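Number of protein chains: 2
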Amino acid sequence: MNKQRQNSIQKLLNEKKIGAFFLWRSDELVMSLGYQSLWGVSVCLFPFEGTPILYIPELEPRDRLPENVILKTFPWGLMDCSNPWDILYEMIKEDLTQLGIESLPISYIQHIGQSSPPLMAGEGTPISPDLREKLAYVSKGGYQDITSAFLELYAIKNDVEIERIVLTNQVAAIGIKAFYDNLIPGKSEVEVASAVEAAIQNQVNDNDILYAKAWPQIQSGINLTNGGRFNRSTGKKLQSGELVMIEMGVCVNGYWADITRTGSTGDLHAKYLRIFEVVSEAQEKAVKAIAPGKTTGEIDKIAREYIVNCGYGPFFNHALGHHVGFRYHDPGNPLVPNGNAVLKEGMIYTVEPGIYGEELGVGARIEDNVLVTSDGYRILSDFSRGLKWETK
Amino acid sequence: MNKQRQNSIQKLLNEKKIGAFFLWRSDELVMSLGYQSLWGVSVCLFPFEGTPILYIPELEPRDRLPENVILKTFPWGLMDCSNPWDILYEMIKEDLTQLGIESLPISYIQHIGQSSPPLMAGEGTPISPDLREKLAYVSKGGYQDITSAFLELYAIKNDVEIERIVLTNQVAAIGIKAFYDNLIPGKSEVEVASAVEAAIQNQVNDNDILYAKAWPQIQSGINLTNGGRFNRSTGKKLQSGELVMIEMGVCVNGYWADITRTGSTGDLHAKYLRIFEVVSEAQEKAVKAIAPGKTTGEIDKIAREYIVNCGYGPFFNHALGHHVGFRYHDPGNPLVPNGNAVLKEGMIYTVEPGIYGEELGVGARIEDNVLVTSDGYRILSDFSRGLKWETK
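Protein sequence lines, in the order shown, are assigned to chains H and D.
Just so you know, this note's numbering puts 50 at position 50 of the first sequence, and the rest follows in order with no gaps.
Just so you know, this note's numbering puts 146 at position 146 of the second sequence, and the rest follows in order with no gaps.
For reference, chain H alone in the conformation it holds in the complex (with noise of 0.2 Å):
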């Protein structure tokens, strides 16, 4: 856990006169504390000053927890407990009181909503819905819902945090290297995702990065005519002159990249060219107006009116981008039309453009993380965004 993040929680904590806040999903865990838990079943009692307690199940791994917290343990999977979240209860109830805050309202997010996996990825094992109701009654100071205030502070990112995002756009960097790598005509949808899948998550070592996965979809040809109403790889093999796309998240330690790029298996016809051309120059000119005090609506118009006067318009059919970090897509104000919300040195968009359509034949999207930065942007994912895998 880092200071700058306790401090802004805790700022808000006290504004809205909470006693303790209660985290449980995975990604508030990390936007929270940086910790990536494995099962899924973590809970952190988050108080209005002091030191967070953190309640972690018996099973979980010691040896990748957040520093600075009160560490606890309840009997969640042991074979000879039935109701692990019947003692979890108590124990914060307990800790509320020894905190003498067992009279000030409480606060937490009820439902699980749009969220990240855990480690744990194959199945979804949140916890119980029955402690997820029970919770609001835990203190006598009755529950708050600061639910939009709390979603908030996913929207400013720290030094700390940039840091890591960093690092996880370096890694994307590496799969998005073998996606180029393997644009090669007979090769599957899948066998490419595949090849990025397997770069990235080889990237884990025993120092810096414990955890590195990738959910990349790659579209081709025909197929990208869906590329911007949905994303996935199928058995179809490349071909040569087609375009290919990868829409990918990235997930290294609990933080996030969510990345786009549009490549080529050999020369393209001239208005296929022309389209990715159109996507280039549309998105570096919205990257290229990124800078704090400009509203969401200015950033999406740049993109959109480049595209519209190119003849374009109708086949880009969504925002421009959204905030990014502690999950795929982070909560916070888009890139959308007429949008009217400030950008502020610290916020980490996606900038992403596209083009596709039945009428068409092809799609094609190019899409960044740019971090807003004092006076402009500082684009996290600088690396090829051509047809080709380019080096600097």
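It is worth saying that the hints were derived from the structure and are not from the lab.
Some clues are possibly wrong.
The list makes no distinction among identical chains, and a pair is therefore deemed to hold if it is satisfied within one copy or across any two copies.
[As the list claims (entries may be wrong)] Cut-off 20 Å, straight-line C-alpha distance, at most; resulting in silico cross-link-like pairs (SDA-like, lysine to any residue):
#1 K187 / Y211
#2 K236 / N207
#3 K301 / M79
#4 K134 / Q110
#5 K301 / D80
#6 K11 / I109
Note that the structure is a prediction, hence the values are computed from the model and not measured.
With chain H fixed as given, assemble chain D onto it according to the hints.
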């Protein structure tokens, strides 16, 4: 949607006098309709008689939808729609009236709890919490909770479903072969995991395997002492003469297998070989005991007593097995000490004894997926379970 499954669901709704059940969690949609949602926000209105209505978002692919349902779309994901959930709510309300069941009680599982990921597995994006709360009031007949009775439907698989789970196990075999092929000193745990993931994902074609994904966790040598508490892959490199374990969930077209194998990187010390042999023998004995009419406790006892008699009792610290097929771990009665639930034809159980401990310096588990047949059992994962890959 297969007719047998439709009948079993509608029989339950008739018994409970429920007008309609709403399905929205990924594994519910697979169990009920054989449908794997891409975005994870599709909802099905399953009436007590007649044809189910499936509401899909505009952005959902149209080429892999279930047959024998009425399809409707709602505007989730479209840039100009700020609240698709209110629209979906009104559609459901209107359809209940059209079906003439607007005064009968409705039911659904309100919380997400344990569930499988949708195709877009990098981020959970379930239907909005607001809709989940509001749906309870959509019918004049009110909400009735039949969660536990509904989850009982997961336990018995019909012939169509068994065939699909067999396919998943066939794909899993290819991943397990890749696991054994990669037991090479110098490779890291994550590198072995990557090879397995690629082998499985690469089975996707445009014919019968539209989606194949594996969540393998590889542990080797000393890391296996934790194999009974948690599974994960690290950057540790395999050394010669080590035990190496793969714990793996595999999903093909929405249907799951859960397989564990323990291999070796070369000649083992006698004490490690002994642990492997005890696990192997315990597992085989328990599998062979499976038959309709037996209790969950009887099956658990066979493996557990054998391990206790061999002197490793304290090191087998988890349940013997659980239901599997619609997700990594299906709901239902597990194989546990003193369990008194009765095995029935059509159930699929994992059988997975293990021995692990810091004192032992290692660990091992073997896990198969076993169908209860009319007069005994059938191993669906009937491929090599030795220290090396062996073709039958």
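Here is how each hint holds up against the structure:
1. For a Cα distance limit of 20 Å, the shortest separation of K187 from Y211 across copies, 17 Å, qualifies, whereas the shortest one inside one copy, 28 Å, does not.
2. Taking the closest pair of Cα atoms, K236 and N207 come within 20 Å of each other only across two copies (10 Å); inside a single copy the shortest separation is 38 Å, beyond that limit.
3. Proximity of K301 to M79 under the C-alpha cut-off of 20 Å is restricted to the inter-copy arrangement: shortest distance 14 Å between copies versus 57 Å within a copy.
4. With identical chains, the CA atoms of K134 and Q110 are at most 20 Å apart both within one copy (10 Å) and between copies (15 Å).
5. In this homomeric assembly, K301 and D80 come within 20 Å of each other (Cα to Cα) only across copies, at 15 Å, whereas the closest approach inside a single copy is 60 Å.
6. Within a single copy, K11 and I109 get their C-alpha atoms as close as 18 Å, which meets the 20 Å cut-off; across copies the closest is 37 Å, which misses it.
The structure fails none of the hints (numbered hints given earlier).
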